[in-house]
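Student: Here the sequence shown stands for residues 490 to 1192, numbered as in the working numbering.
FYI, nobody ran anything at the bench for these hints, they're computed from the structure.
Predicted model only: the values in this text are computed from it and were never measured.
Check each hint, because a few of them may be wrong.
Straight-line C-alpha distance at most 16 Å; calculated EDC-like pairs for lysine to aspartate or glutamate [to be verified]:
1) 940 x 979
2) 970 x 917
3) 848 x 809
4) 781 x 990
5) 970 x 935
Computed Cβ-Cβ distance ranges for the label pairs, DEER-style [claimed, not checked]:
6) 563 x 518: 17 to 25 Å
7) 1161 x 628: 53 to 61 Å
8) 692 x 970: 45 to 53 Å
9) 864 x 920: 36 to 44 Å
For glycine and all other residues, C-beta sits at the position ideal for the given N, C-alpha and C.
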Amino acid sequence: MCASSTQHNSFGLGSPERSRNWRLLYLPFVLLLGLACLILTTQRVAAFYGYDPALGASWGSAFGVRWYAPWAIFHWQEAFGANDPGFMEQAITQSQALFLCPQFLLLAVWFTFMKKLKGDARLHGSARWANEKEIRRMGYMDGKGVYVGGWVKHITGFAYWSAVARRAVLVWFLRSYRPPVRRERQMYLRHNGPEHVLCFAPTRSGKGVGLILPTLLAWEGSTLVLDIKGENWALTSGFRRSQGQTALRFDPSDMSGASAFFNPMEEIRLDSMLAIPDAQNMAAMLVDPAGKGLEDHWSKAAFAMLAGALLHCCIMVRHEQDRCATLYDLGCMLADESRTIQQLFDEMVKTDHAAMLHKIFPDTAPDGDAGDYAQKAHVFIASSAREMLNKAENEASGVVSTALTNLALYRDPVVALNTSRCDFRIHDLMNAENPVNLYLVISPADIDRMKPLIRLMVDMIIRRVCAKMEFADGSSKAGYKHRLLLMLDEFTSLGKLPIMEKALAYIAGYGGKVYLIVQDITQLNAVYGKENALMANCHVRIAYAPNTVETAEILSKMTGKTTVVEEKVSLSGSRTGHLKNASVNVTETARNLLTPDECMRLPGLSKDEQGHATPGDMLIFTAGYSAIYGRQILYFLDPTFSTRAKIPAPGTTAAYPSGISDSLYFPRPASWYAVTSAAAASPASAHTSEQVEADYARYLDAS
């Protein structure tokens, strides 16, 4: 019986077991109450007789009163009771009543409450919604970091009426208007820790207006934003630039010349041993544009060949033209109409890449470790070419064809132009003087076509962010100036990024914070598989009302099980006569805090006939804490957010309706930002592709 009780008391978490030791306090209470009654009776009688010396010696005087032993009343009753006019008997009777009344009161409480049948509210589970104290302990009310939603604080009881009283006093004395006290107040929840965030929000559910835009209008560090349709750039880049930050808009399909330029091949570090891994990582992304992995022989062979070709192209273009090679150059080299592919491979074998590298980087000595890297780069290039020369002609042709197919995107003149130089380097995102914001803008019409390039950029950025960690005084230290927030909306549209699944476990230590947004768990599992580690590595998980049963079931399980205690009364007796018997039973039933259908029926963002928006509800899960039943944020209902969002994107004019991207290395002409109304009305005022090409030619001449 004792063991069973011990086991019973161990059920549940987060709700401490109420101590039953209060029963042991009853004996001291009775003793103290009896002593108090004796003291009161003794002192009343002594005062009635004027502290007569016949009462005997007292213990002393204090506060102008002589104090006698509490039990002296019994001696006085025996000695003077016959001559007492009745006061002593009356005082003793009143004291007895004072002693017994609390006993009867406690007995009534015992029978009313304690002896009532009760169930264990934690028998099957102790899940409940987090309260304000717990939310503060989670760090969500510190006022910094990314927005994860809102929470409604209900003001009731003393807090409400005291607020009403304070308002009344202010209105009366100051004679000025004060807004009425509301019983509900929405509080914004922000997370500033290194942990990552994963959000499940179907399309048109309010994730943009409630999570993405508030975060981008408040985050103080650098950002990498996956911005399909360009809405985030249009509504947040103006404010971020007004804070002294750099705002970059990379749109590979932009033909106006106002997009930022980025050449992935400039990130290959030719002057170090890192050149080979850089080339291999890039080759792996180029031959796997959809994120399905290197599944067949042709993809694997194309990867081996392309890694060597990348390095060869970088070295040759840098040596012969004194500029950085581009992916367009790589495609042209592999499909050069003036020579056969075998001649290219012969060139890769016979070229002295080591000598070229020493000439390009004269500070690098041709001996020691620094010299080894150049020779090893040559061996790497030559061996990949020799491998291709050893293949049968048909097999080699298939490998080259696979590589060229995946390079077709970069032969598009617009894409080639936008990847011809670098307006920023990946290192700048976290180490520039001021925070840098990179918006990866993709038109929905081009998302499938541009996916390989965006995947390549995200992969390179993650790898470069996690490249090096510095230590000092026995612990790691920040090797960066600004934290980097990776705000990846519609994350699964990029396909599977293996580096992301791995990097979530350690990128936080390098200053990166990832904010992933997907439509539902079904979509996430379709891309990354059911055994993916994305959810496990995201400390904070947010959910709006789901559209799929699978997502609703998982969210229901995440809320946890709670115990419903129900009291049932059974009555028995004749049908027409008085009921003779009644029995009371208590049952404990388990249920999820939210059932799947309740998850799917969470109120969502809505608008009335006048267009007034009402925020919906949401769920916020934090590892190690109870779930939060939250309320969505709507940025346009907040005066601060609304004002910030109205700041136009940099350089927005009639000629450049999407604005003009900043550049860290190639400042835009001042004329771009000062288009007259007459010129703006003319189509010729736009920066034509010929002008962009002329700018690029000048860049090549200067490099």
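Student: Taking the hints in turn, state whether each one holds.
Tutor: Now for the hints, and whether the structure bears them out:
no.	hint	in the structure
1	940 x 979	holds (12 Å)
2	970 x 917	holds (10 Å)
3	848 x 809	holds (11 Å)
4	781 x 990	holds (14 Å)
5	970 x 935	violated (34 Å)
6	563 x 518: 17 to 25 Å	holds (22 Å)
7	1161 x 628: 53 to 61 Å	violated (43 Å)
8	692 x 970: 45 to 53 Å	violated (36 Å)
9	864 x 920: 36 to 44 Å	violated (31 Å)
In summary, the numbered hints that this structure violates are 5, 7, 8 and 9.
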